[in-house]
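Colleague: Letter by letter, the chains look like this.
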Amino acid sequence: MSDIRKDVPQGTLDLLILRLISREPMHGWGVMQTLKLLSGDVFHVTPGSLFPALQRLEENGWASAEWDTSENNRKAKYYAITKAGRKQLERAEEHWKAVNMAIIRVLEGA
Amino acid sequence: MMRRLSRLRFLFGRWRRSSSHERALDAEVQAYLDADIDARVRAGESVVDARRQALMDLGGIEQVKEVVRDRRAGAWVDGVVQDLRYALRTLGKSPSFTGSVVGSVSIGMAAMIAGYAFANAMLFLETPGVRDPKRLVEINVEFLESRFGWHPGHLYPSDYRVLADRLRDVAPIAASVSADVSVTLPAARSLHAAVVTDNYFEVLDARFVTGGPIRPGPDGGEAPDTVVLAHHLWKREFGGDAAVVGRVIYVGDFPSQISGVAAPEFRGPWTGPEMQRPDLWIPMRLADRIAATASAWTVAAPSPPRERQMELVVGRLRPGAEISQAEALAAPVVGQLTDARPGTLERRVTVAHLGDQVRRWWGPLVMIVLPVPILVLAIACVNAANLLLARVTVREREIAVRLAIGAGRGRIVRQLLLESLVLASASTVLAVPLTIAGLRLAEEALSMSMPLDSVVISVTVATVVMCAIAFGLAPALRATSRSPARGLSHSHAGDATPQKSRVRRTLVVVQVAVSLALLALGSQLIASIRSTEPAAGTPSGQLLVASFDVRQLKMSPDQAQRFYATLLARVSARPEVAAAGLAPARGASSHGLPFSFSGGRDGGIFVRYQPYGLRDGFACSGGYAAGDLFGAIGLRVLAGRAFTADDQQGARPRVAVVNQTFADRILKGRALGQILEVTRDGTGAPVPVEVVGVIEPTYEPSGGHGSTSRPSVYIPVALAPIPGLTLFASSRTSAGALMPIVREIVHDIDARVAFLQFGSLDDVMRSGDRKLAFVMALFWLAAILGVMAMALAGWGLYAVMSHIVAMRSREFAIRIALGAETRAILGMVGWQAGLLALVGGAIGTFAGVLLGVSIRANWSGTVAAGAGALLLSASVLAAVMFVASFVPAARAARVSPIELLKES
Numbered sequence: 001m002s003d004i005r006k007d008v009p010q011g012t013l014d015l016l017i018l019r020l021i022s023r024e025p026m027h028g029w030g031v032m033q034t035l036k037l038l039s040g041d042v043f044h045v046t047p048g049s050l051f052p053a054l055q056r057l058e059e060n061g062w063a064s065a066e067w068d069t070s071e072n073n074r075k076a077k078y079y080a081i082t083k084a085g086r087k088q089l090e091r092a093e094e095h096w097k098a099v100n101m102a103i104i105r106v107l108e109g110a
Numbered sequence: 001m002m003r004r005l006s007r008l009r010f011l012f013g014r015w016r017r018s019s020s021h022e023r024a025l026d027a028e029v030q031a032y033l034d035a036d037i038d039a040r041v042r043a044g045e046s047v048v049d050a051r052r053q054a055l056m057d058l059g060g061i062e063q064v065k066e067v068v069r070d071r072r073a074g075a076w077v078d079g080v081v082q083d084l085r086y087a088l089r090t091l092g093k094s095p096s097f098t099g100s101v102v103g104s105v106s107i108g109m110a111a112m113i114a115g116y117a118f119a120n121a122m123l124f125l126e127t128p129g130v131r132d133p134k135r136l137v138e139i140n141v142e143f144l145e146s147r148f149g150w151h152p153g154h155l156y157p158s159d160y161r162v163l164a165d166r167l168r169d170v171a172p173i174a175a176s177v178s179a180d181v182s183v184t185l186p187a188a189r190s191l192h193a194a195v196v197t198d199n200y201f202e203v204l205d206a207r208f209v210t211g212g213p214i215r216p217g218p219d220g221g222e223a224p225d226t227v228v229l230a231h232h233l234w235k236r237e238f239g240g241d242a243a244v245v246g247r248v249i250y251v252g253d254f255p256s257q258i259s260g261v262a263a264p265e266f267r268g269p270w271t272g273p274e275m276q277r278p279d280l281w282i283p284m285r286l287a288d289r290i291a292a293t294a295s296a297w298t299v300a301a302p303s304p305p306r307e308r309q310m311e312l313v314v315g316r317l318r319p320g321a322e323i324s325q326a327e328a329l330a331a332p333v334v335g336q337l338t339d340a341r342p343g344t345l346e347r348r349v350t351v352a353h354l355g356d357q358v359r360r361w362w363g364p365l366v367m368i369v370l371p372v373p374i375l376v377l378a379i380a381c382v383n384a385a386n387l388l389l390a391r392v393t394v395r396e397r398e399i400a401v402r403l404a405i406g407a408g409r410g411r412i413v414r415q416l417l418l419e420s421l422v423l424a425s426a427s428t429v430l431a432v433p434l435t436i437a438g439l440r441l442a443e444e445a446l447s448m449s450m451p452l453d454s455v456v457i458s459v460t461v462a463t464v465v466m467c468a469i470a471f472g473l474a475p476a477l478r479a480t481s482r483s484p485a486r487g488l489s490h491s492h493a494g495d496a497t498p499q500k501s502r503v504r505r506t507l508v509v510v511q512v513a514v515s516l517a518l519l520a521l522g523s524q525l526i527a528s529i530r531s532t533e534p535a536a537g538t539p540s541g542q543l544l545v546a547s548f549d550v551r552q553l554k555m556s557p558d559q560a561q562r563f564y565a566t567l568l569a570r571v572s573a574r575p576e577v578a579a580a581g582l583a584p585a586r587g588a589s590s591h592g593l594p595f596s597f598s599g600g601r602d603g604g605i606f607v608r609y610q611p612y613g614l615r616d617g618f619a620c621s622g623g624y625a626a627g628d629l630f631g632a633i634g635l636r637v638l639a640g641r642a643f644t645a646d647d648q649q650g651a652r653p654r655v656a657v658v659n660q661t662f663a664d665r666i667l668k669g670r671a672l673g674q675i676l677e678v679t680r681d682g683t684g685a686p687v688p689v690e691v692v693g694v695i696e697p698t699y700e701p702s703g704g705h706g707s708t709s710r711p712s713v714y715i716p717v718a719l720a721p722i723p724g725l726t727l728f729a730s731s732r733t734s735a736g737a738l739m740p741i742v743r744e745i746v747h748d749i750d751a752r753v754a755f756l757q758f759g760s761l762d763d764v765m766r767s768g769d770r771k772l773a774f775v776m777a778l779f780w781l782a783a784i785l786g787v788m789a790m791a792l793a794g795w796g797l798y799a800v801m802s803h804i805v806a807m808r809s810r811e812f813a814i815r816i817a818l819g820a821e822t823r824a825i826l827g828m829v830g831w832q833a834g835l836l837a838l839v840g841g842a843i844g845t846f847a848g849v850l851l852g853v854s855i856r857a858n859w860s861g862t863v864a865a866g867a868g869a870l871l872l873s874a875s876v877l878a879a880v881m882f883v884a885s886f887v888p889a890a891r892a893a894r895v896s897p898i899e900l901l902k903e904s
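From first to last, the protein sequence lines are chains A and B. The opening position of the first sequence corresponds to residue 1 in my numbering, with each subsequent residue numbered one higher. The opening position of the second sequence corresponds to residue 1 in my numbering, with each subsequent residue numbered one higher.
Hints were generated in silico from the structure; no laboratory data involved. Glycine residues also receive a C-beta, built at the ideal position from the N, C-alpha and C atoms. Honestly, I wouldn't trust all of these hints.
[What the hints assert, rightly or not] Derived, one-sided and incomplete: chain B residues facing chain A with beta-carbon distance under 7 Å:
(1) 6
(2) 37
(3) 40
(4) 58
(5) 67
(6) 75
(7) 202
[Stated by the list, open to error] Calculated pairs, DMTMM-like style, for lysine to aspartate or glutamate (alpha carbon to alpha carbon, straight line, at most 20 Å):
(8) A/83 <-> A/24
(9) A/36 <-> B/34
(10) B/65 <-> A/58
(11) A/75 <-> B/744
(12) A/75 <-> B/22
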C-alpha cells in the first residue's frame, strides 16, 4: 500500500480542501485526517503543504477562518468556505472533472 | 479582481498587525501538533512517543512557519524589510566603513545633483513667474551668411508694429529692450530697467505680489506713467511694503507711479543665463520721454525710438493656435523689415518656442560641463565598490555560513545590494544639504536659478538606484560566487594575490584613468579661463572703473565738464591712487580692455591714413583719453610720450598715441611723427593728428584661436564735448579700497550723480559681459569640482592600495622571514602599483585628450590645456599613488614577521 501513498496531485490540494470545508468548518489537522481517510490512506499531506494552502485560500477570500474550541476542548483555527470559495469550488470541480475525463479517455483509448 | 483585492486587504491587515499574525501562526501550528498528539495518545501511544512522532511528522515547528511565511502574499516585501533591517544593523556595526563610503559617495552625489539642477535649469526650465509658459514664443529676424550661417539681426519698433498687426489673431506679441535709468527712490540710483510695450505683462501673463501691470496711457498725456517693480527692488528699497502701489518715484526726471510688484521668480521671459535681472519695468513711452530730454547718451541709457532695437519680441499663442500658423503669418513680413544687410544671402523671420534658441546655444556647454559631476560620482562609486569588495573579503565566512544553511544566492545578492542601496540613500540624504549650499553659491556665481524640482528629484532617485547597483553588484556577485565550503575554509590573505584581486586592480586602473581625464579636463577649463584674462596692464582687481549717468540729470556741458575735471583732479590727488584717467568708453569691453570696441556712438574712432591706401578710412579701436589713462590701465609707453596736460587743452585734438599693433600693421613700424586723420563715428570733418607715442598692445581672446591685439588709436580729450565719461583709477592696494573714497568724492561734488558702473574691472567685466562671465564662473565651478574629484580619487586609491597591501601582510611576513629584504618588498609593491598607475595613466591621458578635442569642437571659447598642465596632473596623481602604495607597504615591512604572522 505504501507505494501508492502519494502527495496530492499538483494543483488539486486547494480543490480538495475547499470541498472538505464546504461541508462543515474544519481545522488544519481535521482537514489532513479527513483527506487521508477519504482517499483511503492514499493522500498524505504534510503540514508544510497544508498550512500554505489554507493560507492561500484565506488570502484569496475563498475561505474564512475563526478560532473556536475543538472536540478535544482545545483552541483551533476553523476554516469555512465563503461565497466566493463556493464559486471557485464549482469552477475547479468542473475543470478537474473535464481534465480527468480527458485523461481517462486517452488512457482507455491508447 | 476580487481575488487581488482580497490579497491586498490581507497584506495590509497583516502589516498592520504583524505581531498578532505571527502569534496566530504559532498558535495554529501548535494546535495542529496538539491535535496530532491527542489522536496518537487516544490510539494508545505514550505521551512521550506521541509527541516525538508528531514532531517528526510535522517536520519542525519553525520550519513549517518559515514555509508559510515564504509563501504568503507579499512575502518578498517582508524579506526586503527584513534585509533592510539587517543592512542597517550591519552597517551600524562598522561605522568607519559606513562613514568612508557615505562620505565619498555623498560628495559625488552632491556634485551630480547640482549637475542635474544645472542641466535642468539650462535645458528644461520654462520661464518662471508666468502662467502657461509653454504657449510663449519668440520672434526673431535672422540673416544667412555663407561664413557664419544663420545669425540674429535687429527688430526695430516699426518692424514690431508690422509683426504685431500680422500676428494679432494667432499670437499677440510684446517687446522689450533693456536700459539703465536713473531712478530717485529718493536717493539717486542707476537701475537696470526693462523697457517694455504696454501689453508686455498681459502677453506674458505674469504673476504679481501686489498691484498689477503697467497701465497703458495716451502718448504725451497728463497722467503719470506707471512702472512695475521687481520683487528684490521692492524688498530692498521699500522693505516689502504692500502700500507701495500708487506711490510716485522719479525715473530720469519724470514722476512715475508704481502700478505693481512682480512675483519674486519673475524676471521676464527666459532668454538664457546671461540675462540680467531687471530692477524695474518701464513703458516704452517713458523711455521715449527720457530719450527726448538727453542730448547724448551713455550706451546703456534708453535709446531714442529710431535707434531702439527690440531685444526680445515675445508672443503668446492663442488657444488652439499652432506655432506653424504664427510662422506662416510672420514669414511674408520679411520684405518689410528695416534691417537689410548687404552681403547676406537671405533673411527670414522665425517663430520658436521661447527659450528654444537659448537651449540650442547653451546645449553644447551643458554637454561639456555635465561630464565633470558624472566623473566625480564615478570616482566616488569606484571608491565605494573597492571598499565593499574589501569588506566582502572580510565577510566571506558570514556569507558562507548563510549559504550553507540554505539561503539562496539570490537572497544574499539582494541583501548585499540592499546594503548598497542603504549606503547610496544615506549618501544622498547627506548630499542634499551640501547640494543646496553649493547651489546657492553657484546660483550667485552664475546669476541663475537652479531649483531642485520634481525633474531633478526623480533623476536623483534613479541615480541612487543606479549607483547602488554600480558599486554593489560586483562585490555582491563576487561574495556569492564561492562555494560555502571554500568560503568557510578560506583564509583572507588568499584574496590579495594578483590573480584573485583582479577586479579591485581593474577598479584602481579605472580610477586612475578617470582622475587623470578629469584633471586634464580641469586643466583645459582653467587654461580657457586664463586665456581670457588681459595679458597686460593693471591687474583687474586693482583697477577701479566708475562710469556716470549725468545726462539724465540734464547737466549742461559746462556743468558736466566741471564735474569731470574736479573728479579727476581730486581722485588723482589721493595718495591711495597710483594713476587715474577718464575715457568715453563703453565702460569695459567684453574682455576687460577699455575701449577695445570699434566705432559706435561713444566707443572707438574713425581713422584715415592716406599712405596706407585706404580711401575712406576705417573704424578703429581706441578712443579719447584724459588724465593719466595709460598709467591707470597700466599700458607702458614704448616709444615717444603719453599725453600731457597741454595736449588736453582746446576743443580739437592735435596729437595721437597708437598701440604697438597699430604702429606695426598700419604704420609699418614708423609711427612717431606720422599724421592721421581722425573723426568720431566717421562723420564730421576729419582732424589731422600727429602720432607722438606708442604704447604696448593689449590682448584679448578671439574665438578659441588664442589672444589677438587690435590696432588702436588714442587721442586726447578736452572734457567738455564728450559726456558720459568713465573714470579708471588704479589702486595701490585693491579697487575695493578706493570705492568708498571715490563714492565720497562724487557725492561731495554733486550728490545727484548716480554711478552707472562702479567696481573693480573684474566686477565690471562680469556685469558687462554676462555671457562670458557666466561661462567663466561655470568653468571655475567645474574646475573646483575637478579638484574635489582628485581628492576623492586620492582618498579611494589610498584606501584600496592600503587594503591590498594589508591583505598581503602575511605574504610579506613569510618573505621577510625567509630572508627577503624590506627594500625588495617595497620595490615589488612599488612596481605593481606603478604598473597600475601607468596603465590607468595612459588610458586617462588618452581619454583626457579625446575629451579636450570634443570640447574644443563644440565650444569655441575653450583652448587646449598645455602639455605642462597635463604633466602636472599626472605628477600629482603619481604622487598620490606613491603615498597610497608605499605608506602601507612600509608599515607592513617595518613590523616583525613573527608579529605579522601572528596577526594574520
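Colleague: Each hint needs a verdict: does it hold in this structure or not?
Modeller: Taking the hints in turn, this is what the structure says about them:
1. 6: OK, holds: residue 6 of chain B within 7 Å of chain A, min 3 Å.
2. 37: Result: violated, 10 Å to nearest chain A Cβ.
3. 40: violated (11 Å)
4. 58: Result: holds, 5 Å to nearest chain A Cβ.
5. 67: Check passed: Cβ of residue 67 of chain B comes within 5 Å of chain A, closer than 7 Å.
6. 75: Violated, about 10 Å.
7. 202: violated (60 Å)
8. A/83 <-> A/24: holds (14 Å)
9. A/36 <-> B/34: The hint holds at about 18 Å.
10. B/65 <-> A/58: At roughly 16 Å apart (the allowed maximum being 20 Å), residue 58 of chain A and residue 65 of chain B satisfy the hint.
11. A/75 <-> B/744: violated (96 Å)
12. A/75 <-> B/22: Measuring from Cα to Cα gives roughly 16 Å; hence the hint holds.
In summary, the numbered hints that this structure violates are 2, 3, 6, 7, 11.
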